[in-house]
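Fit chain B to the given chain A structure using the hints.
First to last, the sequence lines map onto chains A and B.
All residue numbers for the first sequence refer to numbering that gives the first Met the number 0, where the first residue is 0 and numbers rise by one.
All residue numbers for the second sequence refer to numbering that gives the first Met the number 0, where the first residue is 0 and numbers rise by one.
Source of the hints: derived by calculation from the structure; they are not laboratory data.
Where a beta carbon is used, it is the ideal one built from N, C-alpha and C, also for glycine.
Any given hint could be a false lead.
[What the hints assert, rightly or not] Quick list of simulated restraints, FRET-style, between CB atoms:
id, chain 1, residue 1, chain 2, residue 2, range
1, B, K30, A, Y1, 14 to 22 angstroms
2, B, V125, A, K80, 36 to 44 angstroms
3, B, A105, A, P148, 42 to 50 angstroms
Number of protein chains: 2
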Amino acid sequence: MYMKPLADKEALALVGPNVYTLVTSMDKSGKPNALAVGWVTRTSIKPFLMLISIDRRRYSHEGISHHKEFVVNYPTFEQAKGAEVCGSRSGRDCDKLKEAGLEVVASQKVKVPTIKGCTVAFECKVVSFFETGDHTVFVGEVVACSGNPEKTKHLYYQSDHSMLGLAGK
Amino acid sequence: MYMKPLADKEALALVGPNVYTLVTSMDKSGKPNALAVGWVTRTSIKPFLMLISIDRRRYSHEGISHHKEFVVNYPTFEQAKGAEVCGSRSGRDCDKLKEAGLEVVASQKVKVPTIKGCTVAFECKVVSFFETGDHTVFVGEVVACSGNPEKTKHLYYQSDHSMLGLAGK
Numbered sequence: 000m001y002m003k004p005l006a007d008k009e010a011l012a013l014v015g016p017n018v019y020t021l022v023t024s025m026d027k028s029g030k031p032n033a034l035a036v037g038w039v040t041r042t043s044i045k046p047f048l049m050l051i052s053i054d055r056r057r058y059s060h061e062g063i064s065h066h067k068e069f070v071v072n073y074p075t076f077e078q079a080k081g082a083e084v085c086g087s088r089s090g091r092d093c094d095k096l097k098e099a100g101l102e103v104v105a106s107q108k109v110k111v112p113t114i115k116g117c118t119v120a121f122e123c124k125v126v127s128f129f130e131t132g133d134h135t136v137f138v139g140e141v142v143a144c145s146g147n148p149e150k151t152k153h154l155y156y157q158s159d160h161s162m163l164g165l166a167g168k
Numbered sequence: 000m001y002m003k004p005l006a007d008k009e010a011l012a013l014v015g016p017n018v019y020t021l022v023t024s025m026d027k028s029g030k031p032n033a034l035a036v037g038w039v040t041r042t043s044i045k046p047f048l049m050l051i052s053i054d055r056r057r058y059s060h061e062g063i064s065h066h067k068e069f070v071v072n073y074p075t076f077e078q079a080k081g082a083e084v085c086g087s088r089s090g091r092d093c094d095k096l097k098e099a100g101l102e103v104v105a106s107q108k109v110k111v112p113t114i115k116g117c118t119v120a121f122e123c124k125v126v127s128f129f130e131t132g133d134h135t136v137f138v139g140e141v142v143a144c145s146g147n148p149e150k151t152k153h154l155y156y157q158s159d160h161s162m163l164g165l166a167g168k
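For reference, chain A alone in the conformation it holds in the complex (with noise of 0.2 angstroms):
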């Protein structure tokens, strides 16, 4: 006896609600960008590592191959609205920070830079990447952290597209 098949479609919409996180890297030229990420964890626990997955296509995939560097950010329920646009608009266009309405702060040991009053924040430094599929997944150590613990409640996406804040405890 098998469970109820499912489509790929259906069996996705079951799986959330979904971490949300803004991948922030620079173009080559040194201009931020943030890049919405649900397809990201950690890998490994010494080193402490995490991993992040990211289409090909997209104009943050150019600035992490270039530079080797990433901040994985946890925008705040309250960053809701900015962080929606970091998931519509390309940094290849326009400034997406600037639309987005967020600020960054200078990270501690990476020169990609961190998003002001996000819940927390890793900074990471490549240390591989492979290809699956459409997307490569780029690895990092993460050499510091930093957040806002007054503000744990955090974005997660829902299969219909709401967004929903939870803490951890």
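Just chain B now, with coordinates in the frame of chain A:
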């Protein structure tokens, strides 16, 4: 001006709630096993790929490497107790699924079974793998999906190790 610097542990405590899946596999002798895996994400749209990050010391690592198949099961909130057992025992020493009180059913396209009654399950064939620190990332092509769309509330773990049930919508 930086954000507030945080120690790794403090930063990771802010990341949750984290999705809690059970990855089923078979050992070399064909015995089914289930491992609690939070480090899972999609990684390609076309082909439909998912990846899981598995500690190289885990018994499941051996089985997945051998059979090149796994299933990512999202246990329901009602399965929390059994799911926790799968996160605390090794299939090397016991029949973990039995100890957990979880039943399995045949999958549609892989030999590795699916956990009965879970919210959703993705049957995967390994297409590539790579080492990341102390873990191995297995990239699987999703060849079939099944689920239980009446039980949408599935498991997340908090940084204090408590379990939470959340549903996408």
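Here is how each hint holds up against the structure:
1. K30(B) with Y1(A): 14 to 22 angstroms: Holds, since K30(B) and Y1(A) (Cβ atoms, about 21 angstroms apart) stay within the stated range.
2. V125(B) with K80(A): 36 to 44 angstroms: holds, 40 angstroms
3. A105(B) with P148(A): 42 to 50 angstroms: The hinted range 42 to 50 angstroms holds for A105(B) and P148(A), with Cβ atoms some 47 angstroms apart.
Every hint from the earlier list agrees with this structure, and none is contradicted.
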